[in-house]
Amino acid sequence: QSALTQPPSASGSPGQSVTISCTGTSGDVGGYDRVSWYQQHPGKAPKLMIYEVTKRPSGVPDRFSGSKSGNTASLTVSGLQTEDEADYFCSSYGGSNNYVFGTGTKVSVL
Amino acid sequence: QVQLQESGPGLVKPSGTLSVTCDVSGDSIRNGRWWSWIRQPPGKGLEWIGEIYHSGTTHYNPSLKSRVTMSVDTSRSQFSLNLNSVTDADTAVYYCAMNGPWAAGEDWGQGILVTVSS
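From first to last, the protein sequence lines stand for chains A and B.
Each residue of the first sequence is one higher than the one before, counting from 1 in my numbering.
Each residue of the second sequence is one higher than the one before, counting from 1 in my numbering.
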């Protein structure tokens with residue numbers, strides 16, 4: 001199963017919004033509402049930010065939101081803050097008891 | 001809040017077996033969640049290796065299935081990963097994680113760097 005496709009980088013100024021895409025196939029992203037997003041700061045473990053496309057774990061700011069259309073999922077970070085600068089990875093259930101991750105996007109806050 | 005801690009050798013020889021263990025605390029390993037192993041080569045993305053349930057039922061990434069074995073010891077609140085016939089390409093930070101609802105990793109360990117080198 002191939003990795004989901006994400007843009008290598010994205011950026012925005014403090015207070016602005018940035019949206020990251022995650023493109024898969026009908027066998028993963030498009031076939032299930034089981035997309036999750038992770039934030040990873042350098043040298044740290046990933047942190048779950050979104051699960052089941054749109055749901056936020058307790059403690060995750062509502063500035064983070066997820067959506068999906070067809071085979072592409074998206075993560076939007078509104079009101080960018082300096083601490084949002086990190087790598088972001090999407091993941092999807094891929095059927096047959098399998099998960100696949102995205103290629104990752106480095107978000108810079110200018 | 002569950003805590004996870006990986007342990008194991010940081011250096012493995014090519015063609016050898018990589019073995020990593022994850023200690024679970026703060027919650028029961030029988031809490032109804034699946035437990036995953038995920039790895040990240042230096043400077044690269046994440047790769048799901050597989051998952052295990054407290055009953056011992058496993059699911060593996062098809063690309064690694066022939067080389068992976070996972071096990072669980074509920075009495076010690078631990079689960080483990082064995083990856084055999086390793087090469088340089090298996091050098092990575094190995095994370096253990098507790099799955100969330102359809103998410104391969106709700107809570108994560110800090111990760112352990114395992115280097116494959118002679």
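Everything labelled a hint here was simulated from the structure, so no lab data went into it.
Built from N, CA and C at the ideal position, the CB exists for glycine as well.
Hints should not be assumed to be uniformly reliable.
Calculated Cβ distances over 12 Å to all of chain B for the following chain A residues [claimed, not checked]:
{"#": "1", "residue": "Ala3"}
{"#": "2", "residue": "Gly43"}
{"#": "3", "residue": "Ser78"}
{"#": "4", "residue": "Gly79"}
{"#": "5", "residue": "Thr103"}
{"#": "6", "residue": "Val109"}
Straight-line Cα separation of at most 25 Å, PhoX-like style, residue types lysine-lysine; simulated pairs [claimed, not checked]:
{"#": "7", "chain 1": "A", "residue 1": "Lys55", "chain 2": "A", "residue 2": "Lys68"}
{"#": "8", "chain 1": "B", "residue 1": "Lys65", "chain 2": "B", "residue 2": "Lys13"}
{"#": "9", "chain 1": "B", "residue 1": "Lys44", "chain 2": "A", "residue 2": "Lys106"}
{"#": "10", "chain 1": "B", "residue 1": "Lys13", "chain 2": "A", "residue 2": "Lys47"}
{"#": "11", "chain 1": "B", "residue 1": "Lys44", "chain 2": "B", "residue 2": "Lys65"}
{"#": "12", "chain 1": "A", "residue 1": "Lys68", "chain 2": "A", "residue 2": "Lys106"}
{"#": "13", "chain 1": "B", "residue 1": "Lys44", "chain 2": "A", "residue 2": "Lys47"}
{"#": "14", "chain 1": "A", "residue 1": "Lys55", "chain 2": "A", "residue 2": "Lys44"}
Tested hints:
no.	hint	in the structure
1	Ala3	7 Å, violated
2	Gly43	9 Å, violated
3	Ser78	22 Å, holds
4	Gly79	24 Å, holds
5	Thr103	5 Å, violated
6	Val109	21 Å, holds
7	A:Lys55 / A:Lys68	12 Å, holds
8	B:Lys65 / B:Lys13	20 Å, holds
9	B:Lys44 / A:Lys106	11 Å, holds
10	B:Lys13 / A:Lys47	31 Å, violated
11	B:Lys44 / B:Lys65	21 Å, holds
12	A:Lys68 / A:Lys106	20 Å, holds
13	B:Lys44 / A:Lys47	16 Å, holds
14	A:Lys55 / A:Lys44	23 Å, holds
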